[in-house]
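Student: In the order they appear, the protein sequences are chains X and V.
Going by this note's numbering, the first sequence opens with residue 1, and the numbers climb by one from there.
Going by this note's numbering, the second sequence opens with residue 1, and the numbers climb by one from there.
Hints in this document: simulated from the structure, not taken from any laboratory.
Warning: the hint list may mix true and false statements.
As the list claims (entries may be wrong) - Straight-line C-alpha distance at most 30 Å; calculated DSBU-like pairs for lysine-lysine:
{"#": "1", "chain 1": "V", "residue 1": "K54", "chain 2": "V", "residue 2": "K97"}
{"#": "2", "chain 1": "X", "residue 1": "K66", "chain 2": "X", "residue 2": "K14"}
{"#": "3", "chain 1": "V", "residue 1": "K66", "chain 2": "X", "residue 2": "K42"}
{"#": "4", "chain 1": "X", "residue 1": "K14", "chain 2": "V", "residue 2": "K66"}
{"#": "5", "chain 1": "X", "residue 1": "K57", "chain 2": "X", "residue 2": "K14"}
{"#": "6", "chain 1": "V", "residue 1": "K66", "chain 2": "X", "residue 2": "K57"}
{"#": "7", "chain 1": "X", "residue 1": "K42", "chain 2": "V", "residue 2": "K60"}
{"#": "8", "chain 1": "X", "residue 1": "K42", "chain 2": "X", "residue 2": "K66"}
{"#": "9", "chain 1": "V", "residue 1": "K97", "chain 2": "X", "residue 2": "K66"}
{"#": "10", "chain 1": "V", "residue 1": "K97", "chain 2": "V", "residue 2": "K60"}
{"#": "11", "chain 1": "X", "residue 1": "K42", "chain 2": "X", "residue 2": "K57"}
{"#": "12", "chain 1": "V", "residue 1": "K60", "chain 2": "V", "residue 2": "K107"}
{"#": "13", "chain 1": "X", "residue 1": "K14", "chain 2": "X", "residue 2": "K42"}
{"#": "14", "chain 1": "V", "residue 1": "K97", "chain 2": "V", "residue 2": "K66"}
{"#": "15", "chain 1": "V", "residue 1": "K107", "chain 2": "V", "residue 2": "K54"}
{"#": "16", "chain 1": "V", "residue 1": "K54", "chain 2": "V", "residue 2": "K66"}
{"#": "17", "chain 1": "X", "residue 1": "K42", "chain 2": "V", "residue 2": "K97"}
{"#": "18", "chain 1": "X", "residue 1": "K42", "chain 2": "V", "residue 2": "K107"}
{"#": "19", "chain 1": "X", "residue 1": "K57", "chain 2": "V", "residue 2": "K97"}
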Amino acid sequence: GALVYQYPRRTICKSGTSMRMECQAVGFQATSVAWYRQSPQKTFELIALSTVNSAIKYEQNFTQEKFPISHPNLSFSSMTVLNAYLEDRGLYLCGARGGTYEQYFGPGTRLTVL
Amino acid sequence: GDQVEQSPSALSLHEGTGSALRCNFTTTMRAVQWFQQNSRGSLINLFYLASGTKENGRLKSTFNSKESYSTLHIRDAQLEDSGTYFCAAEINTGNYKYVFGAGTRLKVIA
């Protein structure tokens, strides 16, 4: 079946430092990968959508300068939170999809910023 | 404005009873997914629907794209059903963008 893994599951970083998280699709080819953030007590916000052979599209309030994303092949994507501050804490989800419209989500990376 | 309106925001159910969660959409959606977020924060995929109704055990979901809503019915609620339930709908623009509802916090009590 289709599975999505995320690493690390939890991480803590000091304010002002950066943190990289990874997303791995298994059992299907991830032609598009979406990164979401769930801030404490809130719903999921789309950060950016990466589709093979297209430029990465960032949502309003999120920039490549702050959340650079790499999607080098059909099974892997990574996102870095640069210069993390308290407002960046939360659960970061990767959602990947292949030939169907269904999006498969990973378990998330929980980021704590001290 | 908000494109997905999810209700109720919170719900308490006694074991063995049931209820329905609903998401209304303010724009045309291609498909909808329902998830349960457990206490560790992981999202469990419950349903994916492009139309119609699907049933799995004590859960049943319907997506009516014409009338712009989706529902998730829970029957015979169990303690392990507690958690936050989210709907996520794909905007029908062909760019694979999903928008999440605000979530329903369900507590099942003995």
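Student: If a hint holds in the structure, say so; if it does not, say that too.
Tutor: Comparing the hints with the structure gives:
no. : hint              : verdict
1   : V:K54 with V:K97  : holds, 22 Å
2   : X:K66 with X:K14  : holds, 16 Å
3   : V:K66 with X:K42  : holds, 28 Å
4   : X:K14 with V:K66  : violated, 48 Å
5   : X:K57 with X:K14  : holds, 28 Å
6   : V:K66 with X:K57  : holds, 29 Å
7   : X:K42 with V:K60  : holds, 25 Å
8   : X:K42 with X:K66  : holds, 21 Å
9   : V:K97 with X:K66  : holds, 21 Å
10  : V:K97 with V:K60  : holds, 24 Å
11  : X:K42 with X:K57  : holds, 22 Å
12  : V:K60 with V:K107 : holds, 18 Å
13  : X:K14 with X:K42  : holds, 23 Å
14  : V:K97 with V:K66  : holds, 19 Å
15  : V:K107 with V:K54 : holds, 23 Å
16  : V:K54 with V:K66  : holds, 17 Å
17  : X:K42 with V:K97  : holds, 19 Å
18  : X:K42 with V:K107 : holds, 18 Å
19  : X:K57 with V:K97  : holds, 10 Å
Violated hints amount to a single one, hint 4; each of the other numbered hints is respected by the structure.
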